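Sequences listed follow chains R and Y, in order.
Residues in the first sequence are numbered from 1 upward in steps of one, following the numbering used here.
Residues in the second sequence are numbered from 1 upward in steps of one, following the numbering used here.
Bear in mind the hints are in silico, worked out from the structure with no lab data behind them.
All values derive from a computational prediction rather than experimental measurement.
Zero decoy hints are in this set.
Cβ-to-Cβ under 10 Å is the rule here; a few derived chain R residues that face chain Y:
1. 112
2. 261
3. 263
Now the stretches of chain R that chain Y is said to cover, found in silico as 3 or more residues with beta-carbon under 8 Å:
4. 116 to 128
5. 179 to 187
Just a few of them, taken from the derived set where beta-carbon distance is under 10 Å, the chain Y residues facing chain R:
6. 107
7. 108
8. 174
Don't be surprised by glycine CBs; every beta carbon is placed ideally from N, CA and C.
There are 2 protein chains.
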Amino acid sequence: MGAAWLAHGQAGRRQGATEVSPAHAQVIPLYRQDNSHPQARVCAQCEVRRSALFGALDAAGLDQIHSHIASLTLAPGDTVYQRGELGAAVYTVRSGVVRFERVTERGDRRIVRLAGQGDLIGQESVLQRVHGDDAVACTEVELCRIPCHLLSDMSAREPALLHELMSRWQNALDAAETWVTDLTTGPARRRVLRLLLKLCDYTSAQGEIWLPSRDEMGAMLDMSVETASRLISALRREGVLQTPGLRTVRVARDGLVRVLAAEDV
Amino acid sequence: MGAAWLAHGQAGRRQGATEVSPAHAQVIPLYRQDNSHPQARVCAQCEVRRSALFGALDAAGLDQIHSHIASLTLAPGDTVYQRGELGAAVYTVRSGVVRFERVTERGDRRIVRLAGQGDLIGQESVLQRVHGDDAVACTEVELCRIPCHLLSDMSAREPALLHELMSRWQNALDAAETWVTDLTTGPARRRVLRLLLKLCDYTSAQGEIWLPSRDEMGAMLDMSVETASRLISALRREGVLQTPGLRTVRVARDGLVRVLAAEDV
DNA sequence: CGAGCCGTTGAGGGGATTCAAGCTCAGTGG
DNA sequence: CCACTGAGCTTGAATCCCCTCAACGGCTCG
Numbered sequence: 001m002g003a004a005w006l007a008h009g010q011a012g013r014r015q016g017a018t019e020v021s022p023a024h025a026q027v028i029p030l031y032r033q034d035n036s037h038p039q040a041r042v043c044a045q046c047e048v049r050r051s052a053l054f055g056a057l058d059a060a061g062l063d064q065i066h067s068h069i070a071s072l073t074l075a076p077g078d079t080v081y082q083r084g085e086l087g088a089a090v091y092t093v094r095s096g097v098v099r100f101e102r103v104t105e106r107g108d109r110r111i112v113r114l115a116g117q118g119d120l121i122g123q124e125s126v127l128q129r130v131h132g133d134d135a136v137a138c139t140e141v142e143l144c145r146i147p148c149h150l151l152s153d154m155s156a157r158e159p160a161l162l163h164e165l166m167s168r169w170q171n172a173l174d175a176a177e178t179w180v181t182d183l184t185t186g187p188a189r190r191r192v193l194r195l196l197l198k199l200c201d202y203t204s205a206q207g208e209i210w211l212p213s214r215d216e217m218g219a220m221l222d223m224s225v226e227t228a229s230r231l232i233s234a235l236r237r238e239g240v241l242q243t244p245g246l247r248t249v250r251v252a253r254d255g256l257v258r259v260l261a262a263e264d265v
Numbered sequence: 001m002g003a004a005w006l007a008h009g010q011a012g013r014r015q016g017a018t019e020v021s022p023a024h025a026q027v028i029p030l031y032r033q034d035n036s037h038p039q040a041r042v043c044a045q046c047e048v049r050r051s052a053l054f055g056a057l058d059a060a061g062l063d064q065i066h067s068h069i070a071s072l073t074l075a076p077g078d079t080v081y082q083r084g085e086l087g088a089a090v091y092t093v094r095s096g097v098v099r100f101e102r103v104t105e106r107g108d109r110r111i112v113r114l115a116g117q118g119d120l121i122g123q124e125s126v127l128q129r130v131h132g133d134d135a136v137a138c139t140e141v142e143l144c145r146i147p148c149h150l151l152s153d154m155s156a157r158e159p160a161l162l163h164e165l166m167s168r169w170q171n172a173l174d175a176a177e178t179w180v181t182d183l184t185t186g187p188a189r190r191r192v193l194r195l196l197l198k199l200c201d202y203t204s205a206q207g208e209i210w211l212p213s214r215d216e217m218g219a220m221l222d223m224s225v226e227t228a229s230r231l232i233s234a235l236r237r238e239g240v241l242q243t244p245g246l247r248t249v250r251v252a253r254d255g256l257v258r259v260l261a262a263e264d265v
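Build the full structure now, drawing on both the sequences and the hints.
In structure tokens:
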């Protein structure tokens, strides 16, 4: 009863946050090569492949697609796409953090979600819909660009790909709803702590995580720049935090959890 | 180039909020009937069909499914499903408002999204995933229950159904992100006004809309019950609002827009 | 009729914003 | 080389918004 491809469950990612992937893969500027095998080899070795969109494909499947997939690197502040644009591709995040932001009718921007390693972004392009928000690189970001027509072609033969695609949609939906409960609820201090906790899972270079600018924190947590600064400073004074660089934080994950639990007085 | 079913764009719903559907369809307790045609007739006449999941199906397709689809009616407060459950069906909202809520680790609940007429809920069941939040009826709610195995069966033959399904996922994602920008941003008064504006689009009985309990408003907008009460009372005193019943509001949509615009002093 | 739930309103306190002034640091040109 | 500049971070002071605590009224229900 029923097509098999719709069955076979898969748990949501980044739940336990224990799936620590090492550092960066070998970065080769590959773009579109005539000799197709090098790219296929890169894909096969890619450490995010098992968690990425094409993780379901076998070696034969990979051979067909590698020549169409482009790898690109973005600097902090670069935009992947903008709200209102009609995209022709989706992207897999290979490393780094991407933010999704919208502009309220009053003119101030609001960050509504983050994407990290293994996440698929811009899926609305598959449906020929315009992007609903701006996608901007927070850190240095490595992406794989997958043309939509490639997805259409492959999904006809590989039903598992559609399952995977829908699974990504559910991941994004879950992330957006978790955003509401975690980062828009309660007093400012608790929101900051929860944000740091979440960032631990996104940029897990083991202790050294990416720290957003105070302005970004304000846009994520709906607070003023000054409040964000004050709270980070307070956490630093309390010893929960160290800031070696201006954009990096040393923090112990379970330390955060402990401080967060102590908030319930 | 590419399978045709992935193309053919479709705009997001409830954007202009001008698609005013009349009142309720004829409500017939139908559940599963041996004579299959009556249900098919009901489906064909259903006013939400064009916007619903099976809107893409023709009459022949409807004939195959009607006997598996159950219609159910929920009272305010009834739960459709609960977080952690593994559902075996998805639901189309025929009328009424459904809320999605989660419980923060501190124990207080938070409403993260609403669903209304034409929306599909519980789609994570298609992926064999457990529900991520509780789905609870806010008003009286009429649902169509669609078993997952039915979706699996049909989607193999009707590729348009998969497109429609993914489209629903994108709708939900967009709704969740809009929730962040509209209802979790800015001072309490503005959040209340935006909520009322949103409710105009969900229960558009032309002027008479559903008013949540103060407790629900608190869970939606992250504010105390008292603040919600105060703000509603203030709007009533200002003449923006009338509350004929305790759970209904008379309000002019453009009046709300005007007041909202006047907030930017 | 009392109990309980929900909505309303008041008083007080605390947390976040706003306005403001220094601060560090990188880039620039004298 | 170093003052100048501007952007981003920090900190202070005053204001105000919102929460908490509290009391009260209307309503339903046992």
